[in-house]
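Got two chains here, each in a separate frame; can you build the complex from them with the hints?
Protein chains in written order, with the numbering used here: chain A, 1 to 281; chain B, 1 to 321.
Derived from the structure by calculation, the hints contain no laboratory data.
One thing to keep in mind: the hints can contain errors.
Among chain A residues calculated to face chain B with C-beta under 8 Å, some are [what the hints assert, rightly or not]:
| hint | residue |
| --- | --- |
| 1 | 106 |
| 2 | 110 |
| 3 | 111 |
| 4 | 120 |
| 5 | 260 |
Sample of chain A residues lacking proximity to chain B, with all beta carbon distances greater than 12 Å (derived) [said to hold, decoys possible]:
| hint | residue |
| --- | --- |
| 6 | 42 |
| 7 | 58 |
| 8 | 118 |
| 9 | 175 |
| 10 | 227 |
Every value quoted in this text rests on a predicted model; they were computed, and no experiment measured them.
Glycine included, C-beta positions come from ideal geometry on N, C-alpha and C.
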Amino acid sequence: MSEPRIMWRKAVNAVMLTLTGVAAFGVVCVLFLILGYLIFNGGHSLNLNFFTQLPKPVGETGGGMANAIVGSLKLLLLAALMGLPVGLLAGIYLAEFGGKTFSFIVRYTTDLLNGVPSIVIGIFAYALVVLPVKHFSALAGGVALGIMVIPITVRSTEEFLRGVPNSMREAAMALGASKWKTIVTVVLPAASGGILTGMLLALARVAGETAPLLFTAFGNRYWGQGWGQPIASLPVMIYTYAISPYDDWHRQAWAAGLVLLMLVLLSNLGARFILARSKAV
Amino acid sequence: MTREVPPKSGLRAFVDKLKGGDEIAHLITLTAAAGIILITSLLVLELWRTSQLSRAKFGWMFFWTKVWDANFDNFGAAPFIYGTLVTSAVALAIAVPLGLASAIFLSELAPRRLSDIVSFLIDLLAAVPSVIYGLLGIFIVVPLMRTTLGPALKKVLGFTPLFAGPNYGVGFLTAGIVLAIMVVPFIISVSREVLLSVPREQREAALAMGATRWEATWQVVVPWARTGIMGSVFLALARALGETMAVTMVIGNNPQISASLFAPGYTIASVIANEFTEATGDLYLSALIELGLVLFLMTFILNGLARILIVATERGGGRPA
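With the rest of the complex left out, here is chain B (with noise of 0.2 Å):
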């Protein structure tokens, strides 16, 4: 009988430390968050072993292939990078002027109330899924590229390789402004915030020496917040690489490099999202799946360089021009 003491009293002061628990709230804490560096490791880690096949085969080739021949297994990342970078330029070509004209209106010259309520409906837009812009970009967008917009680019730049050849209302084009319209909501909101950390002596002093309102914001404000402001488009550039519903309803799929904006091309996210449940052999699969890892790859990096930029700003301003 004695010999069961040590075992219950062993369990006794297991359950008397629960009962303190403060130890077992923390151990309990610590693993979920080392469960998200676990998964987040383990998430690499499928992405590199699975990609082996095609790692193995293609080597860096793949970046400069631009043959993607499932028939033959010859497959090359090419068209898809050029597609991917290619429409998030162009978004960012219109989301940046608009996002930072609009942070601008909301952090220097709204009213406070004004500021919040439309801030909030920016938070809103953010907010609607990726396929409902797919959904309006297929029935609005691509019509709307097709009879108006396009020939009336045409008209004026059609001079330029950049919008020379067929018109289809799918493209490069297509997707790059339902990306903006994406993106913008999150330039702005950062930008905004950036803006409102900008200490307001700054504004005061421009505006004592007798500039303008405007001269004040531009030559003073936005360069104080510039490194912020660059945060700000690195966020939106990454989350413009890893879009992919809207973008592959209206990019118009095909695995080509064209200068041309109008013509239809793919991105590494589309032709993931349209191929993987039909990938039939097991390089074909591994080939999608070292694309998924690029992309995680360009947006790793492009956030942790967005996150360094903001915090820098947030702590200590960035250097007047």
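Excised from the complex, chain A in its bound form (with noise of 0.2 Å):
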């Protein structure tokens, strides 16, 4: 092989091998270029009124989203309530008990169930929830999150569950318990760092959902009248005053997007932290 070829060869592997990296930086870059924005566009904008204070009137400057933080706050706790037993059950359901063609079928439509666009799942729980009683409400918005939340746990309760070690039940099974005993007494305690991990990552990807909400939970400029009425939260919030033509609410909206950023994104450090932890013991 000729000299300039093999020079050829060796810039092409210098040239490309230089893209993969800056590609790479490039998409972290991006992550701190957010973290940056929000921060230096939405910090100044974050006070006490802004967590303690209701919406102000269209027109009138100031006010806050305390109502839209309870509310978020509100629909999570509906999500996790109807969401995390079923997937927890679901996962246990998978890991220990299923059978070859059923566990196949739960699984495969437990992906399906993943990959629907969360505004689909927003139409659905308007039929089944929105339609019967005609009017909107923080129910609904909970049951579009909680069928959100389920399939995220249960993949991730199966995973962890299927990672703690087979002599742990057969040594709790030698002893005289029984299967419900093993799996509550010894499985379930050895993989809980997983499964909490997988819960909280659930939670904290529906707590940034928007679509889904739109036409289920609404939205409320005041504190909610109960769960059967409209309820405010910060993603809609955030996206109706970034839409909005005014500029006092353009700011609010994104001191929302940090405080929902940052909620976030400390949900998921601290998912990773109870992993680390639940492994080093």
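Next up, the structure:
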């Protein structure tokens, strides 16, 4: 092979390898750009009012998003109550009891459900909860988010339960424990760190969901009137404020964006932390 | 008195079984698992049932009609399907090279520690809520497109129909760029896993034959993993098709079919997001739900394909080219 040919190949090698590094670096930079923009634009709008006051009427500046923050927490609570138990139990079924064919169908359906666009989940919750009673409600929003929580919880629960060595199950059973006792007292505690992480990540994911809330929980500029009434949430608030024509609302959208992003990123970091600790023990 | 014994013993048997517990536990978890199947079937059923009006009225013409007019109850999905496909195509055109390159860097070049840290950061990027991408899209990407990026593209590529026409800042291209950033983490994390699962011998054999690092990667490792990489692309595509908020905020929301990427458009997900609460007539609502059904079917097929491809590579490895 001639000399220039080798030089050429070496040059291509160097250029392409550098480009892959640049690409990876660029993608990581996006994360810091997002963080930077939100802190820069939202940071100075964050004050006590933001966390304690209701939104002001159109045209007045100031006010906060206290109702949206509480609303988001309420919706998450509903989602957790509805989604986590089903996800956990189904995950236990898949890892501990499941046969072959039925488990395959359950797994496949779970993946399918996980891939359904969130806006379609919103339509489903609308048809299921809003249509019969003819008005938007916190409950409908909770149902939509709860459905989204299920598939994520199932898969992580199954994965971490499968990570528990079989010798532990055998040891418990050899001591005379029944199967469910083995699961509850030995297998679940051993996998608890991972399972908790999965749950936390599932909640963190739906915490930022906007699309399924638009026509289920809808939105509210005041404190909610209970579970059967429309309720405000941070993501929907960010959306309505961002597309509004008012500068003061834009400012608050940035602040709300910062709060939401921090909430999501911190729970992701927290989840990793729990996982690392449970692995170290 | 003796008559009451049988039911009591029945109850006791039940309690005993509960104390033994295995059957009960099995049943409870089975119910939860069956619940997932129930929810998913119910979802399909509800979409089908509530879109009945629209399906009956428009039939297959729904897909070809370009008009979306609530005043005359005439609804067609064509502009929305077009917008969804175009924005997703733009997103993939940007995200696939970027994602694949990053995945190659993380699996082939970077030391394991660095690779793990970067992968973690990229996972965080995947966790950023879509409404925040939309927020940045409106206030950062749209002005950038209007003042800098758009005019520059027009100067270089303005002679093609793709980059002709007025540039408003919002439109297919802007939506595609924002989508690209949103789906790139999925391509990277799945492709990285697939590339890492390529056997070490493959790389060593290529290097031993005198291939450079890049040649070994591009001509041996990547072809070996190509089915899995395709899977990651399908997965990303399914996400891009269904993405709602970020797209709604930057696409301009105008139901038209235009060859220019600068033109404002509309996607299936955004029209549902925008008009669902305002849909006054039953037919209007039904047409929107039928759009939801179309979106569901698109992502359903893509996700199925992606799953099959990824499983196929991780099981046996693709055939080397």
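Verification of the supplied hints:
| no. | hint | in the structure |
| --- | --- | --- |
| 1 | 106 | holds, 5 Å |
| 2 | 110 | holds, 6 Å |
| 3 | 111 | holds, 6 Å |
| 4 | 120 | holds, 5 Å |
| 5 | 260 | holds, 6 Å |
| 6 | 42 | violated, 9 Å |
| 7 | 58 | holds, 18 Å |
| 8 | 118 | violated, 7 Å |
| 9 | 175 | holds, 16 Å |
| 10 | 227 | holds, 20 Å |
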